[in-house]
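*Asks:* Letter by letter, the chains look like this.
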Amino acid sequence: MSLSVVTGPARVAGGLFAFALDVVVAMFRRPFQVRELLQQAWFIVTVTIVPTALVAIPFGAVIALQVGGLIKQFGAQSFTGSAAVLAVVREAGPIATALLVAGAAGSAIAADLGSRRIREELDAMMVLGINPVQRLVAPRVLACMIVAVGLNSLVNIVGVAGGFVFNVVLQDGTPGAYIASFTALAQEADLWQGMVKALIFGFIAAIVASYKGMNAAGGPKGVGDAVNEAVVITFTLLFIVNFFVTAIYLQLVPPKGM
Amino acid sequence: MGVEVKVDGLTKKFGSQVIWNDVTLTLPAGEISVMLGPSGTGKSVFLKSLIGLLKPDRGSILIEGVDIASCSERQLYEIRKLFGVLFQDGAMFGSMDLYDNVAFPLREHTRKSESQIRQVVMEKMDLVGLAGAEHKLPGEISGGMRKRAGLARALVMDPEILLIDEPDSGLDPVRTAYINQLFIDLNAQIDATFLIVTHDINTARTVPDNIGLLYHKHLAMFGPREMLLSSREPVVAQFLNAQRVGPIGMSEEKDADELAAEASIEMPPLPPIARQLEPSDGRPRRGQKEPGAWCAANGVVPPPGSFEPSATSGAVA
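Listed in order, the protein sequences are those of chains A and B. The numbers in my numbering rise by one with no breaks, and the one at position 99 of the first sequence is 99. The numbers in my numbering rise by one with no breaks, and the one at position 47 of the second sequence is 47.
A few of these clues could be false.
Unchecked claim - FRET-style restraints, in silico, Cβ to Cβ:
#: 1; chain 1: A; residue 1: N228; chain 2: B; residue 2: M96; range: 26 to 34 Å
#: 2; chain 1: B; residue 1: G15; chain 2: A; residue 2: N228; range: 21 to 29 Å
#: 3; chain 1: B; residue 1: P279; chain 2: A; residue 2: P9; range: 36 to 44 Å
#: 4; chain 1: A; residue 1: P220; chain 2: B; residue 2: D8; range: 54 to 62 Å
Said to hold, decoys possible - Computed footprint of chain A on chain B, listed as stretches where at least three residues anywhere in the stretch have a Cβ under 8 Å from a Cβ of chain A:
#: 5; stretch: 58 to 68
#: 6; stretch: 74 to 80
#: 7; stretch: 87 to 98
Stated by the list, open to error - Derived pair list, reagent style DSSO-like, types lysine-lysine, alpha-carbon separation capped at 30 Å:
#: 8; chain 1: B; residue 1: K13; chain 2: B; residue 2: K81
#: 9; chain 1: B; residue 1: K55; chain 2: A; residue 2: K221
#: 10; chain 1: B; residue 1: K81; chain 2: B; residue 2: K112
#: 11; chain 1: B; residue 1: K13; chain 2: B; residue 2: K217
#: 12; chain 1: B; residue 1: K81; chain 2: B; residue 2: K124
#: 13; chain 1: B; residue 1: K55; chain 2: B; residue 2: K13
#: 14; chain 1: B; residue 1: K124; chain 2: B; residue 2: K136
#: 15; chain 1: A; residue 1: K221; chain 2: B; residue 2: K136
#: 16; chain 1: A; residue 1: K221; chain 2: B; residue 2: K112
Because the hints were derived from the structure by calculation, they are not lab data. All figures in this text were calculated on a predicted structure; none of them were measured in a lab. Note that CB positions come from ideal geometry on N, CA and C, so glycine has one too.
Please put together the full structure from these sequences, using the hints given.
*Replies:* Structure representation (C-alpha cells):
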C-alpha cells in the first residue's frame, strides 16, 4: 500500500519522460508533417496572442510601479528603465508566455487529443499504420515551441512599452532617462536566455498536454480530468524548471558591471 | 490474397483480472470467422490484441511469420498495413469530412494523385452505399452511416485481413442483412480473411465459415460453422440459440445452486441449421462449402429441416 504512493507518481514521471523521448525521435523522422505543423502553429497563435498581449501590459506596469517606488527611495530613478527591462526580459517574458502556452494552448491540445483518444480515433490511426506521436504530437510540440518563442518576444516588447508608459505617465519619470538606461543592466545574453526559456517551456507544456491527452481514459469525464491534470502538472513543472534555468544562467553569465 | 492468423496460447489480464486465458485458434486464410461471446467476455479486447493495440500477457499471434505480440513497434506499423479494421462506432476522424476520412490512408501511404484517390474513394463510398454523403462531417450523420463510412475507410487499402467489431450494433435489421450480404460479397471479391466480432445470433448463424465462442475467460469452442451449430455442448447450444436454459446467466455465470436446479432440465432440441449466405453474383468464395458437408464428413446428423433452401433467413425464432 505504502509502496504505491511512491511508485504511482514515479510511473507517471517515467511515462512522461519516455513519451518526451519518443516525441523527440519522431520529430526527426520522415515524413515531416509540415501542413499539420503550420495549422497547429496558427491555431496556437490565435488562442494565445490576444491574452498574451493583455497579460503583458499589466505585467510590465506592475514591475514599473514596484521597481519605480523602490528605486526612488534609493535615489536611483535613472535606472528605472534598466530594472524594468531586466525583469521583463529575464523572468516576466518567459513566465507569462509559459502560463499562456500552458493554459490556452496546452489545454486545447490535451482536450483535442483526449477526445480523439476516447472516440478511438487514435486507435484507428495506429491501425491504419500511422503513428499518432509522429503524425499529431510531434508537429504540435514543435508548433508550441515556435509560438512560445514568438510570444516571448511579444511579451518583451509589450511589457517594456507598458512599463515605459506607466513610468512616464504615472510616476513622472523622464522618457529619456528610462530609454537611456535600457542597456545599463540588461545584456544581450538575457534576451537569448529568455528565448531558450520560452523554447523549453513550450516544449514542456506541449509534451505534458499531449501525454495527458493521449492517455485519457474513462469517457468524456476522462478528457476533462486530462485537461485539468495537464495544466496543473505543466504549471508546477514550469516554475521548477524556471528556477533551475535561472540558477544555471546566473552561474554561467556574470552580471554586467556598471 | 488473404493471410492466415495463427493465435497460440494467448492470455490477457488487466491487473490481476484475467480477461481470457490460453486462447488458441487459427483464422484460415480467406475465410470468414465470427467471434461470439456474452457481453463483457473480452471480444473487443481480443480484436484489439490481434492488431497490437493491446499487448497480451502470454502467447503469440503469427501473421506471415511475424509475432504481433512480441515484434518491434516499427514491424507492428508495417504489418498493420495488411489490416482493415472497422471499429464499433466507426472511429471516424471528427475534424475531417467522410471523403477525407476515406482518403486518409491513401494520402498517407501511397503516392497516388488526387484524381486516382478520388476514383478509389468514390468506388468504396459507392460500395457501402454512401455516394452523395462525401462532404458530411462524422458528427452530422447517423451511427449506421458512420459504421458504413468506417467500412469504406477499412477497405480502401485493399486489406488482407479485415477485423470488424460489432457491425450490427445500432443498425436496423434490414441494414444488418445488407451489411452481412456485403461481407460475403466482399470476401468473394477481395478474398481477405475476415474476423467479425458480434453477438447477433442471426449474423453468427448465416454469415461465417467458422465460429468461435468466448465464454468464462476461455475459448469454449472454435471450428466450422456446422460443427458449432450442431453442437450439443450446453454453452454453445445455449448461446447460439439465445436461450435462458444453460450455464450462462445474467451475471456472466450462474451460481452453483441455480445450475443444480437446472440439471434435470433438458436442453431444448436444436433448431435446423440455416444455409450460409452466398455471394450475390454467384462467384464462389474460397471458404465456401456445400451445405451439410462438414456434418456428412464427420458423421454428425444435423437437426431435422437443416439446409433447406427456405431456411436461409430467420434462423432464430
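*Asks:* Now tell me, hint by hint, if it's right for this structure.
*Replies:* Here's how the hints hold up against the structure:
1. Range check, A:N228 to B:M96: Cβ separation about 28 Å, and the 26 to 34 Å hint holds.
2. At about 25 Å, the CB distance of B:G15 to A:N228 agrees with the hint of 21 to 29 Å.
3. At about 57 Å, the beta-carbon gap between B:P279 and A:P9 misses the expected band of 36 to 44 Å.
4. For the hinted restraint 54 to 62 Å between A:P220 and B:D8, the CB-CB distance of approximately 38 Å leaves it violated.
5. Chain A is given as covering the stretch 58 to 68 of chain B, and this is violated because 0 residues of the stretch bring a CB closer than 8 Å to a CB of that chain, at least three being needed.
6. Counting residues of the stretch 74 to 80 of chain B whose CB lies closer than 8 Å to any CB of chain A gives 3, which reaches the minimum of 3, so the coverage claim holds.
7. Counting residues of the stretch 87 to 98 of chain B whose beta-carbon sits less than 8 Å from any beta-carbon of chain A gives 7, enough to reach three: the coverage restraint holds.
8. With a CA separation close to 27 Å, the supplied pair B:K13 and B:K81 stays within the 30 Å bound.
9. Simply put, B:K55 and A:K221 have alpha-carbon atoms about 25 Å apart, close enough for the 30 Å limit, and the pair holds.
10. A threshold of 30 Å between alpha carbons decides the hint, and for B:K81 with B:K112 the separation of about 16 Å falls inside it, so the pair holds.
11. A C-alpha spacing of about 10 Å is found between B:K13 and B:K217, which places the hinted pair at or below 30 Å, so the restraint holds.
12. The suggested pairing of B:K81 with B:K124 holds, with an alpha-carbon distance near 18 Å, which does not exceed 30 Å.
13. A C-alpha spacing of about 10 Å is found between B:K55 and B:K13, which places the hinted pair at or below 30 Å, so the restraint holds.
14. Of the pairs offered as hints, the one joining B:K124 and B:K136 holds, with about 16 Å between alpha carbons and a cut-off of 30 Å not exceeded.
15. Of the supplied pair hints, the one linking A:K221 and B:K136 holds, its CA atoms being roughly 27 Å apart against a limit of 30 Å.
16. Distance check on the hinted pair: A:K221 and B:K112 sit about 41 Å apart at the alpha-carbon level, beyond 30 Å; violated.
The structure is inconsistent with the numbered hints 3, 4, 5, 16, although it conforms to all the rest.
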